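A.B. asks: Everything in the sequence shown is counted per the numbering used here, starting at 366 for the first residue and increasing by one.
No wet-lab data here; the hints were simulated from the structure. Note that this is a predicted model, so its numbers are computed, not measured. Ideal Cβ positions, reconstructed from N, Cα and C, are used throughout, including at glycine. There may be inaccurate statements among the hints.
Stated by the list, open to error - Okay, the calculated beta carbon distance ranges per label pair:
id : residue 1 : residue 2 : range
1  : V413      : D436      : 20 to 28 angstroms
2  : H412      : I555      : 18 to 26 angstroms
3  : D436      : H412      : 19 to 27 angstroms
4  : D416      : Q462      : 15 to 23 angstroms
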Amino acid sequence: MNGELSVIELVLNASLIVQIVMGLLLLASIASWAIMLRKRSELRQAHVEADRFEDLFWSGGDLTAMFRAIDQSRRVTRGMESIFESGFREFTRMRQQGAHTAQIVEGARRAMKVALLKETDRLEHSLSTLATVGSTSPYVGLFGTVWGIMNAFHGLGNVQQATLAMVAPGITEALIATAMGLFAAIPAVIAYNRYADQVSRIEVRYDTFLEELSTILQRHAGGKSALSGAAEAHA
């Protein structure tokens, strides 16, 4: 308890610049933890949604009926469902216009690629903030430490005999800034690397699905009938 009080007292008695540095690092830490918790939930949900849609897609159901059900639901689609909706909508539109097979497939691929990029951008949102916190916080803390040490030694200018007890509080408060910088940076770096890897894995799943759906659409681009089940078309 005394240790906690002494730390609090050191922070409260620190110079204004060091206090500002500590405040910025505290805000950065809080912001990064909020992002980490939200991003963890988003990525977990993205995996669940991808698994669910893949099970539905490869169940052998009619793709035209699947598209109509998604379209009529008027809800915001995400992940693979968004890629499927965008690609199939463009596929249907161009096939009704009597476009050439190659044009139909290429148009559907472009629409799916745009949807994939949007989904990737959504999943990567805020990761740059984690990277920024992780890379800059140690240097911000170091700046506070250097400033605090300079103040500690500057206060000895009017003292004829300096002792360790005179400079210890100033050095200690300065080192607290470094500790806070590391406290903000380390979790942010770990989370960024982990979540960036998860986003890359999800993006690979989306890209694989895009290629598989493109193959299925290419097989049916020349016809006018409804598409058969995905499992049958993929066989």
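A.B. asks: Confirm or reject each hint.
C.D. replies: Checked hints:
Hint check: V413 to D436, Cβ distance near 22 angstroms, so the stated range 20 to 28 angstroms holds. The given range of 18 to 26 angstroms is respected by H412 and I555, whose C-beta atoms sit roughly 20 angstroms from each other. Taken as a hint, the range 19 to 27 angstroms holds for the pair D436 and H412, whose Cβ atoms sit roughly 25 angstroms apart. Distance hint for D416 and Q462: a CB-CB separation of about 35 angstroms, inconsistent with the stated range 15 to 23 angstroms.
The structure does not agree with numbered hint 4 stated previously, though it agrees with all others.
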